[in-house]
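**Q** If you read the protein sequences in the order shown, they are chains L and G. Just so we're aligned, residue 759 is where the first sequence starts under our numbering, counting upward by one. Just so we're aligned, residue 410 is where the second sequence starts under our numbering, counting upward by one.
Any given hint could be a false lead.
Said to hold, decoys possible - Below are the BS3-like pairs computed for lysine-lysine, each with C-alpha atoms no more than 30 Å apart in a straight line:
#1 G:Lys714 to L:Lys944
#2 G:Lys727 to L:Lys847
#3 L:Lys929 to L:Lys1090
#4 L:Lys1090 to G:Lys545
#5 L:Lys929 to L:Lys1117
#6 L:Lys896 to G:Lys748
#7 G:Lys810 to L:Lys837
#8 L:Lys896 to G:Lys835
#9 L:Lys847 to G:Lys810
#10 G:Lys525 to G:Lys655
Unchecked claim - Quick look at which bits of chain L chain G covers, simulated, 3 or more residues with Cβ under 8 Å:
#11 897 to 906
#12 913 to 926
#13 1108 to 1118
To be verified - Rough simulated footprint, nothing fancy, chain G against chain L, three-plus residues with beta-carbon under 8 Å:
#14 761 to 773
#15 848 to 860
#16 985 to 994
#17 1055 to 1063
#18 1161 to 1172
Because the hints were derived from the structure by calculation, they are not lab data. Every value quoted in this text rests on a predicted model; they were computed, and no experiment measured them. Glycine included, C-beta positions come from ideal geometry on N, C-alpha and C.
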Amino acid sequence: MADYRTINYDRLGETLYEYDHPSGLKAFLVRKPGYNKKTALFATDYGSIDNVFKKSDGQVMHVPDGIAHFLEHKLFEQKEGNMLDRFSKLGSSPNAFTSFNQTAYYFSCTDLFEENFRMLLDYVQNPWLTDENVEKEKGIIAQEIRMYEDDPDWRLYFNLLGCLYVNHPIKIDIAGTVESIQRINKELLYECYNAFYTPGNMVVVVAGDVDPDRVFTIVDNMIKSKDKGRPEKHYPDEPETLNAEYREQKLQVSMPLFSMGIKDPVRLSGYELLKRRTAIGIILAAIMGRSSELFNRMYYEGLINDSFQFDVSMDQSYGFVNWGGQTTDPEKAAQEIRSEITATVERGLDEAVFERLKKAHTGVFIRTLNSTDIIAREVMDCYFNRTNYFDLCRVFDELDVNYTNSVLRDLFARKTALSVIKPV
Amino acid sequence: METAARKTTAEKLAEKNGITFYRINSEKFKTNRVDIFFLDRLERERASANAILPSVLKRGCSKFQTQRELEIRMEELYGAVVDGGCNKKGETQIVSFHMSHIADKYTGKGDKLFDKCSQLLMCILQNPVVEDGGFKASVFRQERDNLVDYIRSRINDKMRFSFLRCIEEMCRGEAFAIPDEGYESDALLLTPQKTYEIYQQMISSYPCYVYMSGSIDDESAYRFIEQFSQIPRTDTGRTGTCEVKKNVSEVRRVDESMDVNQGKLCLGFRTNVEPTSPDYYPLVVYNGILGGDVHSKLFQNVREKASLAYYAQSVLEKYKGLMIIMSGIEHANRDKAEKIILRQFEDMREGNITREELDATKKSLMTGIKTMQDSQGAIVDFFLSQHLIGEGDDFESMARKIEAVTIDDVVRVAQNVQLDTIYFLKPDNPQPAHQDE
Chain L
759 MADYRTINYD
769 RLGETLYEYD
779 HPSGLKAFLV
789 RKPGYNKKTA
799 LFATDYGSID
809 NVFKKSDGQV
819 MHVPDGIAHF
829 LEHKLFEQKE
839 GNMLDRFSKL
849 GSSPNAFTSF
859 NQTAYYFSCT
869 DLFEENFRML
879 LDYVQNPWLT
889 DENVEKEKGI
899 IAQEIRMYED
909 DPDWRLYFNL
919 LGCLYVNHPI
929 KIDIAGTVES
939 IQRINKELLY
949 ECYNAFYTPG
959 NMVVVVAGDV
969 DPDRVFTIVD
979 NMIKSKDKGR
989 PEKHYPDEPE
999 TLNAEYREQK
1009 LQVSMPLFSM
1019 GIKDPVRLSG
1029 YELLKRRTAI
1039 GIILAAIMGR
1049 SSELFNRMYY
1059 EGLINDSFQF
1069 DVSMDQSYGF
1079 VNWGGQTTDP
1089 EKAAQEIRSE
1099 ITATVERGLD
1109 EAVFERLKKA
1119 HTGVFIRTLN
1129 STDIIAREVM
1139 DCYFNRTNYF
1149 DLCRVFDELD
1159 VNYTNSVLRD
1169 LFARKTALSV
1179 IKPV
Chain G
410 METAARKTTA
420 EKLAEKNGIT
430 FYRINSEKFK
440 TNRVDIFFLD
450 RLERERASAN
460 AILPSVLKRG
470 CSKFQTQREL
480 EIRMEELYGA
490 VVDGGCNKKG
500 ETQIVSFHMS
510 HIADKYTGKG
520 DKLFDKCSQL
530 LMCILQNPVV
540 EDGGFKASVF
550 RQERDNLVDY
560 IRSRINDKMR
570 FSFLRCIEEM
580 CRGEAFAIPD
590 EGYESDALLL
600 TPQKTYEIYQ
610 QMISSYPCYV
620 YMSGSIDDES
630 AYRFIEQFSQ
640 IPRTDTGRTG
650 TCEVKKNVSE
660 VRRVDESMDV
670 NQGKLCLGFR
680 TNVEPTSPDY
690 YPLVVYNGIL
700 GGDVHSKLFQ
710 NVREKASLAY
720 YAQSVLEKYK
730 GLMIIMSGIE
740 HANRDKAEKI
750 ILRQFEDMRE
760 GNITREELDA
770 TKKSLMTGIK
780 TMQDSQGAIV
790 DFFLSQHLIG
800 EGDDFESMAR
810 KIEAVTIDDV
820 VRVAQNVQLD
830 TIYFLKPDNP
840 QPAHQDE
């Protein structure tokens, strides 16, 4: 029987099971008694930003933009047919996504979990690429790219990243371009697969009402490859300065959209990353959240509306904050937010506001535990950043206003970039 | 190895003055929640006023006069949510409100959140900020502007925009053509006084369904019912029937140009199946085989075989009996895509359906039924749907009915599905297709 650890989070009413496979693969189970739905995910620490890497023989590879996403599409293709069909014959819904830093394959099901789970572990380990099936995919992915070209929120976001980043490949569209994907072929896809789809670079996460012995025994039986370590990723040096302060694009939209952001030069991993990310979330809520003076003032002025949002993204190789939405006047909205940020950096966060927001964010965290999909994804994301999702509990206990204010002074004194989409 | 899942039921707790209260009990969720639905017949003269009500009411109440005070209060209650919205199911417009909060045991402080959050919800529903016999004018004007901006911003999401335009064109002259949030021109004419009158009608006379879900004890549940029942009510029952059957004499084509990269093709069909008909579940299976999931004919033929699209799917509108097929394609591939789509539609009619397609569809629907029971929002939506059409299906009986559907049933309903409208959102400056063929 597989030898796993059990960690109880009594305050959350959750139990995490953790298993180390000899190959270096990590597996987790979050048991959800009473849930019909089971979500399982098999992911690699490899995303769109990993377009330069060093192979085990020392050769440095530069691969076309969009290749991680292309590979994600192609893994569904197997010698005996498409995996989507085989999962759907069992009534389960398979899917996958590629982000900046991860590629994840998953399914959710209610019945025949073990059969589905074996299929997932099997196909991700067995790519079946042919010249013909690689060519066929180009038409489909081209339409996916074209769809995003017409998506104003997506354009707004990538134009902002283009302002924030000078060199880092995070500024490149995840799916690449219609042109870049034409350069992708079977051989390049295998190079990437062999480099990144190694057990030591991957994780399995299951969330649902299933037995840990069974889950980890299946993992044990199904993981075939031996430990090959982790590939060496190469990211270019990124200066602290912005690439550009402003970018504008015209699209078919009803009114202007604006998005602003700040690049975080601090690189962390593990618990410290989780702590900084949480602190930044609270700072953003304090400055521009629904309960802030700024949000309400701009809302009253008609400068912003309900679409206004903010977010923190943080990984070991990049970090940034962004916020925005529809606006009647992008320049004015940007100006008001910039002054408020400056003023907040000067005076710091009020302790009572900080405590209230910490309470609210605790509630938001607890809510995520209703969904097996969110749990699986967060556990994976945290693992790749050398941390544990359930440690958020500890973060909320330990986070104080002094630490948060030091993050505020360090990060929010930096220059903001502005991306704008205007109506045609 | 697995814990037996409890049956998910909606227990009727009370029915008073046209308000029906249900409780959906489950210990497995971290949150408790209350959903309130007010129902009105979808009519142009009231649609915009109904649509604006949730946003106006969310702006403050007698106890928390501004949106900001409300937001601060919700943060103090561990990020509680009090929200509202407006949509339509068939030709019924639904003004909805809900609150949710984390269960008391997760606060670690012995807080009693249900009562506090219910009071907040009741306050915005019952005691809006009023001046001169209407909603507070400054707040009202802002929300009117926001509603107009929201209606205009439909064009931002091209997939949804083309879907809505297809329905509008197909159902022109029918109530169902009215968008969920009404029309811009009507929204511009709303006044604080007139809208306040509609609000009073809503609160006092619209048929109303209330669902409490999570782990809510009897005492709290009945206290909430007691509080809610104090609203004076005159029951007028303004919901009506929805005309589903329509004979299409000629297929209509609507092309609209826009400065976009990808064309959006939408085909609107009349299924002629009412939600209460014995043919309804066969229709659900029909839609699943044609375009419901990755195993479907549309996904397989338009995407996997022809590589013409990233998405190709069909969706049902249950109450109006519509089916819409959607796909995003290159302009140059329009005819090809349309031909393949219509071929799949004909195959359904001719009975070219395999046992495997039927089984995969049913299994996928079964998974959907079980999965719904893991989401409080989905459970509430399911029971509301059942209560709206007066059908007493629960999750188990729905599963049995779907299980019983045969290929013959599917082919039978296929005979009555009629193509009505083909809508194409056409790129202004067509670029050459990136297809090799």
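**Q** Now tell me, hint by hint, if it's right for this structure.
**A** Quick rundown of the hints versus the structure:
The suggested pairing of G:Lys714 with L:Lys944 holds, with an alpha-carbon distance near 19 Å, which does not exceed 30 Å. The suggested pairing of G:Lys727 with L:Lys847 holds, with an alpha-carbon distance near 25 Å, which does not exceed 30 Å. The straight-line distance between the Cα atoms of L:Lys929 and L:Lys1090 is roughly 26 Å, inside the 30 Å bound, and the hint therefore holds. At most 30 Å may separate the alpha-carbon atoms for a hinted pair to count; L:Lys1090 and G:Lys545 meet this at roughly 26 Å.
Restraint check for L:Lys929 and L:Lys1117: the C-alpha separation of about 34 Å exceeds 30 Å, so the hint is violated. With a C-alpha separation of about 22 Å, the suggested pair L:Lys896 and G:Lys748 falls inside the 30 Å cut-off, and the hint holds. Simply put, G:Lys810 and L:Lys837 have alpha-carbon atoms about 37 Å apart, too far for the 30 Å limit, and the pair is violated. Restraint check for L:Lys896 and G:Lys835: the C-alpha separation of about 22 Å stays at or below 30 Å, so the hint holds.
Our distance criterion of 30 Å between C-alpha atoms is met by L:Lys847 and G:Lys810, whose separation comes to about 20 Å. Distance restraint check for G:Lys525 and G:Lys655: the Cα-Cα separation of roughly 49 Å exceeds the 30 Å cut-off, and the hinted pair is therefore not satisfied. Under the rule that three or more residues need a Cβ within less than 8 Å of chain G, the assignment of the region 897 to 906 of chain L holds, with 8 such residues. Beta-carbon proximity to chain G at under 8 Å applies to 0 residues in the region 913 to 926 of chain L; the threshold of 3 is not reached and the given coverage is violated.
Counting residues of the region 1108 to 1118 of chain L whose beta carbon lies closer than 8 Å to any beta carbon of chain G gives 4, which meets the minimum of three for the stated coverage. Using a Cβ-Cβ cut-off of 8 Å, 3 residues of the region 761 to 773 of chain L lie near chain G, which meets the minimum of three, so the contact claim holds. Only when three residues or more bring their CB closer than 8 Å to a CB of chain G does the claim for the region 848 to 860 of chain L stand; here the count is 5, and the claim holds. Counting residues of the region 985 to 994 of chain L whose beta-carbon sits less than 8 Å from any beta-carbon of chain G gives 0, not enough to reach three: the coverage restraint is violated.
Residues of the region 1055 to 1063 of chain L lying with their CB closer than 8 Å to a CB of chain G number 4, which satisfies the three-residue condition for coverage. With 0 residues having a beta carbon nearer than 8 Å to a beta carbon of chain G, the region 1161 to 1172 of chain L misses the requirement of three or more and the stated coverage is violated.
Hint check: violations occur at hints 5, 7, 10, 12, 16, 18; the rest are consistent with the structure.
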